[in-house]
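Chemist: One letter stands for each residue in the lines below.
2 protein chains.
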Amino acid sequence: MPLPNRRIVLASRPAGEPRPENFRLEEAAAPRPAEGQALLRTRYLSLDPYMRGRMNAGPSYAPPVEVGQVMEGGAVSEVVESRAPELHPGDLVLAYTGWQEYAAADAAGLRKLDPGLAPVTTALGVLGMPGMTAYTGLLNIGQPKPGETVVVAAASGAVGSVVGQIARIRDCRAVGIAGGPEKCRFVRGELGFDACLDHRSPDFAAELKAACPRGIDVYFENVGGSVFQTVLPLLNFFARVPVCGLIAHYNATRLPEGPDRVPSLMSAILIKRLTFRGFIVTDFAAQQPDFLRDVSTWLREGRIKYREDIVEGLENAPEALIGLLRGRNFGKLLVKVS
Amino acid sequence: MPLPNRRIVLASRPAGEPRPENFRLEEAAAPRPAEGQALLRTRYLSLDPYMRGRMNAGPSYAPPVEVGQVMEGGAVSEVVESRAPELHPGDLVLAYTGWQEYAAADAAGLRKLDPGLAPVTTALGVLGMPGMTAYTGLLNIGQPKPGETVVVAAASGAVGSVVGQIARIRDCRAVGIAGGPEKCRFVRGELGFDACLDHRSPDFAAELKAACPRGIDVYFENVGGSVFQTVLPLLNFFARVPVCGLIAHYNATRLPEGPDRVPSLMSAILIKRLTFRGFIVTDFAAQQPDFLRDVSTWLREGRIKYREDIVEGLENAPEALIGLLRGRNFGKLLVKVS
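If you're matching them up, the sequences are chains U and Z in order.
Taking the numbering used here, the leading residue of the first sequence gets 1, the next gets one more, and so forth.
Taking the numbering used here, the leading residue of the second sequence gets 339, the next gets one more, and so forth.
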């Protein structure tokens, strides 16, 4: 008798901010693994800002989730049954099986995890896609040099926290931006950034300027919106802007009111000889061994710390993603599924 | 008795488009050269879009011309009197002595020109600052690969014409944009671009799309404005945009009406992993020998052609610059001073 499989599908496409009714919890029969596959039981599901893009119909760098399809996402899962020689029941793997309790997956696409090396949830955070996004974007595009100032928003989050800590390791001044005093205290006190500003403060622009007395050499862009407009005048000549995400825009249904600031942005790029470059982590897939080696080492040495925000129960994933897009999470957001 | 020196000074700063009264023709005594200097008589003065920026008070990548000061600019000049051993009367030099008939200049800052190698006016155009701007920006930032599509506006101008011809030499598809059918015919017929579109055509967007059947891999940005907005949706994944100039904005007194398109631009950078990078030619000063070697060779071989638009008389320089900013020139704009 097949196992019951609870899963969350895209019920409808959101207009603006996603709402609970855009998701639907379903129960189906768990699949049976084919030859070369394993049946996986999801332990932890990763929730990440990019998922908002997948809910839209429009073309992006990946095809959208279709209405009625299971929401996509990375997971740490346990092998329940294996029809592949390299996997055995009880093994823990990194899989891209989405918002559901069970899935059958090709063994070739799974990465086996060693719980003795690091807590397995790190494969979804600091040692996973978000950590590698931070590492590759900062080092390849940001190219921080000792003594330079690196600014990153969502600084207590999965990507931003790693960006700032690597900047410190590279002898840069690391300035974070986060939402609220508690996150800022954590970014300074626990993560060791040189400064962290609350973008909700009425004096945010003045505070950011004061925290960057030599201007900004690298702005790791993961939010957009008004934070970006505040950063732009502080960018130094020859500054680099890795464009990693724009969470402030993901729920937008139309462009902001005018004036059209594109000419200001282009003038700044021209006069200050700025570099803006968009990327996604898979563009640097070949650097995964370097990333794992360096960040594992820094983790062991205590030079990189991380924080997880774990929500219990698959049924709470929709609310958790809605909260993520509002900045409600505090640390890498995970759903404990089983 | 000192020679009389006619010169054009900045009379007042323009608000928007420069007007004749922002300039003033003065007569003063020509300077006497000091030890190590030469007295130069201007033969040709170069007029270039960057000069509009120098007329503003605001900070840019170079200090502004002060009100009452001689307008800046590059010139081909003849040595009239020399107090430096390496220069002799009759020598022709490249100098940065501005809008005037005579100037004294340090011999160390002058480049001696050999009229036997190429017409001396080319030192202000295809073998000078505009040509090197095209060469360095296209090759360093654009990085065109064989078979790719390179688009450049102001394609009959001093920079654009060289960008497209180098793109052809690099086995790319070169698509120009210019103002009016006569310029477009020249760009296709004489310069050998694969296509050239008139940005004033009511069907410009459709025509540009049709001329770029495989999208755009390199957009050499020297105009901005509506041309840029038309190009943006056609950029391919991983396209490169060297930001060299924004002539469509130089006379603007305020930002265009909304909506604010910055979020669209940033989303395109993110999703398509675009690179935007501003530059000015001096950023690549070390590449001057490569530039002179390559472009001289291509000129001799007939693989690069150029066109000059020569205005007679220093007193006509203000109207000529005003016309340049309106796209009235046809080819590299020069003023024959003597």
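You may find that some hints are simply not true.
[Claimed, not checked] Taking lysine-lysine pairs in the DSSO-like style, the calculated list, with each CA pair at most 30 Å apart, reads:
| no. | chain 1 | residue 1 | chain 2 | residue 2 |
| --- | --- | --- | --- | --- |
| 1 | Z | 643 | Z | 450 |
| 2 | U | 272 | Z | 674 |
| 3 | Z | 450 | U | 145 |
| 4 | U | 272 | Z | 610 |
[What the hints assert, rightly or not] Which stretches of chain U does chain Z cover? Using the computed rule of at least three CB atoms under 8 Å from a CB of chain Z, they are:
| no. | stretch |
| --- | --- |
| 5 | 105-112 |
| 6 | 240-252 |
Read the hints as simulated data drawn from the structure, not as lab findings.
Each residue gets a CB set at the ideal place from its N, CA and C atoms; glycine is no exception.
Chemist: All the hints need checking, so say for each whether the structure fits it.
Modeler: Now the hints, each set against the structure:
1. Restraint check for residue 643 of chain Z and residue 450 of chain Z: satisfied, since their Cα atoms lie roughly 23 Å apart, inside the 30 Å limit.
2. This hinted pair does not check out: residue 272 of chain U and residue 674 of chain Z have alpha carbons roughly 33 Å apart, beyond 30 Å.
3. Distance hint between residue 450 of chain Z and residue 145 of chain U is unfulfilled; the C-alpha atoms sit about 39 Å from each other, more than 30 Å.
4. As the CA atoms of residue 272 of chain U and residue 610 of chain Z are separated by approximately 23 Å, the hinted pair is consistent with the 30 Å bound.
5. With 0 residues having a Cβ less than 8 Å from any Cβ of chain Z, the stretch 105-112 of chain U misses the three-residue criterion, and the hint is violated.
6. Here the stretch 240-252 of chain U counts 6 residues with a CB under 8 Å from a CB of chain Z, which clears the bar of 3, and the coverage holds.
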